[in-house]
Amino acid sequence: MRLFASCIKCGYRIYITSNATIRQELPFSFELACSNCGTRHIYNPLNVQAESGLTAVGGAFLGALLGLTLGGAGALAGAILGGLLGKSTEEQDEEKVRRFNNS
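Using this note's numbering, read the sequence shown as starting at 4 and increasing by one per residue.
In short, the hints are calculated from the structure, not lab data. Where hints are given, some of them may not hold.
What the hints assert, rightly or not - DEER-style ranges, computed between Cβ atoms:
| hint | residue 1 | residue 2 | range |
| --- | --- | --- | --- |
| 1 | I11 | E94 | 29 to 37 angstroms |
| 2 | E94 | S32 | 27 to 35 angstroms |
| 3 | S106 | S9 | 26 to 34 angstroms |
Heads up, the beta-carbon is just placed ideally off N, CA and C, and yes, glycines get one too.
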């Protein structure tokens, strides 16, 4: 899950480094600078949104790479297992995003 606030001037997404899982875990207010237009502004937790940062395709790709290191036939099995694990992780991430955005 990635957290961001939209720049008040240009709308560019400003990503925030935080382990917060709900808005209440963010500071009351904080200053962010837009890397697109340079505007600095004070934001609060209500200005922050969450988005998923994971995809099942990434899990399948990593699984295939692992399978290739074990052997050719392992690539297919690795891709399938990686895809399943990636999908599960993606669903968990999507649930975290829903929980944050509804908090």
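Do the hints match the structure? See the list:
Checking the proposed 29 to 37 angstroms range against I11 and E94 shows it holds: the Cβ atoms sit about 33 angstroms from each other. Range check, E94 to S32: Cβ separation about 33 angstroms, and the 27 to 35 angstroms hint holds. Distance hint check: the CB atoms of S106 and S9 are about 18 angstroms apart, inconsistent with the given range 26 to 34 angstroms.
The structure is inconsistent with hint 3 alone, although it conforms to all the rest.
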